[in-house]
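S.K.: We have chain A already, so just place chain B on it with the hints.
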Amino acid sequence: MPTDRAEFFQGVKSAGAPLLAAMPFGALFGALAVENGMSVFEATLMSATVFAGASQMVGIDLFGAQIAPWLIVFSIFAVNFRHVLYSAVTGQRMAQFKPWQRYVSFFFLVDPHFAESEHRAERGVPLTFAWFIGGGLTWWVVWVFVSYLGALFGSLIEEPENYGFDLLLPIYFLSLVLAFRKRANWLPVVAASGIVAVLAFHFVGSPWHVSLGGLAGVAVAAIIGLPKNHRMVV
Amino acid sequence: MSTTMLVILAAAVATYFTRVAGHIVLSRFEAIPPRLEAALNAVPAAVLTTIVVPSLAFGSLADQAALVVAGVAALYLPPLGMFAVGWLAVVTFRAILG
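So the sequence lines, in the order shown, correspond to chains A and B. Sequential numbering of the first sequence, starting at 36, is according to the working numbering. Sequential numbering of the second sequence, starting at 40, is according to the working numbering.
Here chain B stands alone, though its shape is the one from the complex:
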């Protein structure tokens, strides 16, 4: 089997595990400990932030500008609208700034 197929299947097993583990493990607690819940709750924002920041900190000027525009748009528009604005900004800024 190719590496890609192995990665996909391992990721599928890992993901299904996260979807049953809470029921199997955390349901044994009377209530989820608050600090544990705070930590688990923070995982997606924490991980996704780390993926965005390299383009923001080290990307070309056009890409940095596009991300800032997309970020501001996200405060006012639903995800799809923000996405369209961001895409338009990338194409425009790259055309202008090279």
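So here's chain A without its partners, still in its complex pose:
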């Protein structure tokens, strides 16, 4: 049985290359949050408390568009809804955890750390609290710090349109949509969401294209169901 200390540092190491790849996006979040009217403190606080990259980007995108506050919260909630699946799966692997350790750990259940803990479980290594916190805390500290740096930097830039910054969010979201392409039902879901979103944007108006389009894609997935032998892909 490895010591807690060794497990903790194994966890820190598990963040690895994906963390390096995520750092620029944390900085981008900070910079765009400030461009969309947040203070440096608010941008950093959002990274520290919400701690979910894609949904933070959605939040600041809508924040810049002057949309009703509850709709911003709802959209962030919708983007993060996938975590329900992660916690159902990871929770079953936390047999060794005390209840408070589970509820602390779930705060750190970001996509890459979920993927890493599944990877570990597949190798037959049981999940430990020290390992989980080692990885989760590493993600958190780095994510908050680069968001802060990005926000500081963003507050120095005068005219962001000149640098194409306003299109960086759509590009970022496009990259996420395409990264999901190995998931079950991806094409019918994206097609349904896309078509309904365009129609809703044109006939109903923003921001309803988000909820109506999203609902259409989710409904299509529920109607098709899952193939046999389905395995969750992160």
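Just so you know, these hints were derived from the structure itself, not from any lab. One or more hints might be untrue.
Straight-line Cα separation of at most 20 angstroms, SDA-like style, residue types lysine to any residue; simulated pairs [as the list claims (entries may be wrong)]:
1) A:Lys-263 / B:Arg-74
2) A:Lys-263 / B:Phe-68
3) A:Lys-263 / B:Tyr-115
4) A:Lys-263 / B:Val-64
5) A:Lys-48 / A:Arg-158
6) A:Lys-263 / B:Glu-69
7) A:Lys-133 / A:Ala-103
8) A:Lys-217 / B:Leu-75
9) A:Lys-133 / B:Ala-70
10) A:Lys-133 / B:Ala-60
11) A:Lys-217 / B:Tyr-115
12) A:Lys-217 / B:Pro-73
13) A:Lys-133 / B:Leu-119
14) A:Lys-217 / A:Ile-259
15) A:Lys-48 / A:Pro-161
16) A:Lys-133 / B:Pro-72
17) A:Lys-217 / B:Arg-74
18) A:Lys-133 / B:Ser-66
19) A:Lys-133 / B:Val-59
20) A:Lys-263 / B:Ile-71
21) A:Lys-217 / B:Pro-118
22) A:Lys-263 / B:Pro-72
23) A:Lys-217 / B:Gly-110
24) A:Lys-217 / B:Leu-119
25) A:Lys-217 / B:Val-111
26) A:Lys-217 / B:Leu-116
27) A:Lys-217 / B:Leu-114
Facing chain B, according to a computed beta carbon distance under 8 angstroms, are these residues of chain A, among others [as the list claims (entries may be wrong)]:
28) Pro-59
29) Glu-77
30) Ala-89
31) Pro-104
32) Ile-111
33) Val-119
34) Phe-236
35) Ile-259
Positions of the beta carbon are idealized from the N, C-alpha and C atoms, including for glycine.
M.R.: Quick look at chain B alone, frame taken from chain A:
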């Protein structure tokens, strides 16, 4: 407290809720019903698609072209590489097409 602070804190509570709810609710099922899992699995792609399509359908020609280039790049490059290509494409196309 400012509206922004309220939005951030409410979003934080909502997000933490999604991270514990699966354990609390879905762990009571023997297995997650397949259609429910399919629906939950589809949520991020469905929601994120709706945020991209307005720029793709109604944006300027330069922005549409940049998104297409970024989309093709995404099939071959890791996220960061795709992102760099996309950014370069926006700046270039906006300079050329105005």
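S.K.: Sort out whether Pro-161 (chain A) lies within 20 angstroms of Lys-48 (chain A), counting only the CA atoms.
M.R.: 17 angstroms, holds
S.K.: Hinted pair, alpha-carbon criterion (20 angstroms max): Lys-263 (chain A), Val-64 (chain B). Please report holds or violated.
M.R.: 24 angstroms, violated
S.K.: Would you check the hint for Lys-133 (chain A) and Ala-103 (chain A), treating anything up to 20 angstroms between C-alpha atoms as holding?
M.R.: 40 angstroms, violated
S.K.: Just to be careful, I want the Cα atoms of Lys-263 (chain A) and Arg-74 (chain B) compared with a cutoff of 20 angstroms; is the pair within it?
M.R.: Between Lys-263 (chain A) and Arg-74 (chain B) the Cα gap is close to 12 angstroms, so the pair holds against 20 angstroms.
S.K.: Given the hinted pair Lys-217 (chain A) and Leu-116 (chain B), is their alpha-carbon gap at most 20 angstroms?
M.R.: Since the Cα atoms of Lys-217 (chain A) and Leu-116 (chain B) sit roughly 15 angstroms apart, the hinted pair holds (cutoff 20 angstroms).
S.K.: Given the hint that Lys-217 (chain A) pairs with Pro-118 (chain B), does the C-alpha gap stay at or below 20 angstroms?
M.R.: Satisfied, since the Cα-Cα distance of roughly 15 angstroms is no more than 20 angstroms.
S.K.: Classify the hint on Glu-77 (chain A) as holds or violated, based on whether any CB of chain B lies nearer than 8 angstroms to its CB.
M.R.: 5 angstroms, holds
S.K.: For the pair supplied as a hint, Lys-217 (chain A) and Leu-75 (chain B), is the alpha-carbon distance within the 20 angstroms limit?
M.R.: The hint holds at about 19 angstroms.
S.K.: Checking one constraint from the list: CA of Lys-133 (chain A) to CA of Pro-72 (chain B), max 20 angstroms. Satisfied?
M.R.: At roughly 28 angstroms apart (the allowed maximum being 20 angstroms), Pro-72 (chain B) and Lys-133 (chain A) break the hint.
S.K.: Restraint: Ile-111 (chain A) near chain B, CB-CB cut 8 angstroms. Satisfied or not?
M.R.: 4 angstroms, holds
S.K.: Holds or violated: Lys-217 (chain A) and Leu-119 (chain B), Cα atoms, limit 20 angstroms.
M.R.: Holds, because 19 angstroms separates the two Cα atoms, which is no more than 20 angstroms.
S.K.: Verify the proposed pairing of Lys-133 (chain A) with Ala-70 (chain B), using a straight-line Cα cut of 20 angstroms.
M.R.: Given that 20 angstroms is the threshold and the Cα spacing comes to 23 angstroms, the pair is violated.
Going through the hint list in order, the structure does not satisfy hints 3, 4, 7, 9, 13, 16.
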